[in-house]
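S.K.: These are the residues of each chain, in order.
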Amino acid sequence: MRSTEDRLRETLGALAAGIEAAPPAYKRARAEWRRRERRRRLVLAVLVAIVFALADLIGLWALNQTRDHDPIIFDDRSRIHQTEPATGVIPP
Amino acid sequence: MTSPLIRAQQAAAEADAALAELFQTQYAAMHRLAVLLGADDAEDIVAEAFYQLYRRWKKLRGADKAVPYLRSVVCNLTRMRLRHLQVVRKHTTPETAPEPGTSAEAEALLHDDQRALVAALKELPSRQREALVLRHWLGLREAEIAEAMGISPGAVKSHTSRGMAALTRVLEERR
Numbered sequence: 586m587r588s589t590e591d592r593l594r595e596t597l598g599a600l601a602a603g604i605e606a607a608p609p610a611y612k613r614a615r616a617e618w619r620r621r622e623r624r625r626r627l628v629l630a631v632l633v634a635i636v637f638a639l640a641d642l643i644g645l646w647a648l649n650q651t652r653d654h655d656p657i658i659f660d661d662r663s664r665i666h667q668t669e670p671a672t673g674v675i676p677p
Numbered sequence: 050m051t052s053p054l055i056r057a058q059q060a061a062a063e064a065d066a067a068l069a070e071l072f073q074t075q076y077a078a079m080h081r082l083a084v085l086l087g088a089d090d091a092e093d094i095v096a097e098a099f100y101q102l103y104r105r106w107k108k109l110r111g112a113d114k115a116v117p118y119l120r121s122v123v124c125n126l127t128r129m130r131l132r133h134l135q136v137v138r139k140h141t142t143p144e145t146a147p148e149p150g151t152s153a154e155a156e157a158l159l160h161d162d163q164r165a166l167v168a169a170l171k172e173l174p175s176r177q178r179e180a181l182v183l184r185h186w187l188g189l190r191e192a193e194i195a196e197a198m199g200i201s202p203g204a205v206k207s208h209t210s211r212g213m214a215a216l217t218r219v220l221e222e223r224r
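Chains A and B, in that order, give the protein sequences. Take the position in the first sequence, starting the count at 1, then add 585; the result is the number in my numbering. Take the position in the second sequence, starting the count at 1, then add 49; the result is the number in my numbering.
Computed cross-link-like contacts, EDC-like style, restricted to lysine to aspartate or glutamate with a CA-CA straight-line distance of at most 16 Å:
hint: 1; chain 1: A; residue 1: Lys612; chain 2: B; residue 2: Asp65
hint: 2; chain 1: B; residue 1: Lys107; chain 2: B; residue 2: Glu63
hint: 3; chain 1: A; residue 1: Lys612; chain 2: B; residue 2: Glu70
hint: 4; chain 1: B; residue 1: Lys206; chain 2: A; residue 2: Glu590
Examples of chain A residues toward chain B, derived with CB under 10 Å:
hint: 5; residue: Thr589
hint: 6; residue: Glu590
hint: 7; residue: Glu595
hint: 8; residue: Gly598
hint: 9; residue: Ala602
hint: 10; residue: Pro609
Because the hints were derived from the structure by calculation, they are not lab data. By construction, the Cβ of each residue, glycine as well, lies at the ideal position given by its N, Cα and C atoms.
Here chain A stands alone, though its shape is the one from the complex (with noise of 0.2 Å):
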């Protein structure tokens, strides 16, 4: 009696024998890998342009959107015009 690993095996075997599985050109394949390398990579080079140009537009209109003379990056303004703390620490 044989055991269903050797079977298993020989089905395996027998089904894998009955594929045909001639290699296609490997020439033909080759230029069908770069046409599909050389598309990927332009994709990217869009996709990172498109990023790259979103983000300038949004900052182009950020900086647009202010009033003239004011401070945009740091805005230190309102500790200038702020009284100091009374902390009855008197300096010498």
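Given chain A, put chain B in place with the hints provided.
M.R.: Then chain B, alone, in the frame of chain A:
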């Protein structure tokens, strides 16, 4: 002394020669593996696997890692394809639903017992089926199967024993 450009050209030519040899020697084996795992579009899966190998050739740790990498890609793509078919079957009527990999010509040459075994194999979860095919058709070791399937050797042992138990049960019910 060779310039970097000449060295790069030599490396590209060597990679191309190695890929060409792998394509000739491994294409049929990978195609059979995809069919045995249940893929209905084995040719597409193998073509995609070789494209992935072409893309990542420079990142491979050595030429001897190419075949395990191909096996791993074929297993992953077949599993994804089977999951996709399961989802499609859920949302279509039974008449129009696509069948998972049925190599009808190959199965025509099998005995009744063998056909029953193949049918039982198709009913197994994809992980169990993968583990059994890699173990009993390719004769891989547990560590190699674990690498191909992207799981631990302990999980391979578990999938193999569960799958084998399910097949034994089906064969005993047939007697």
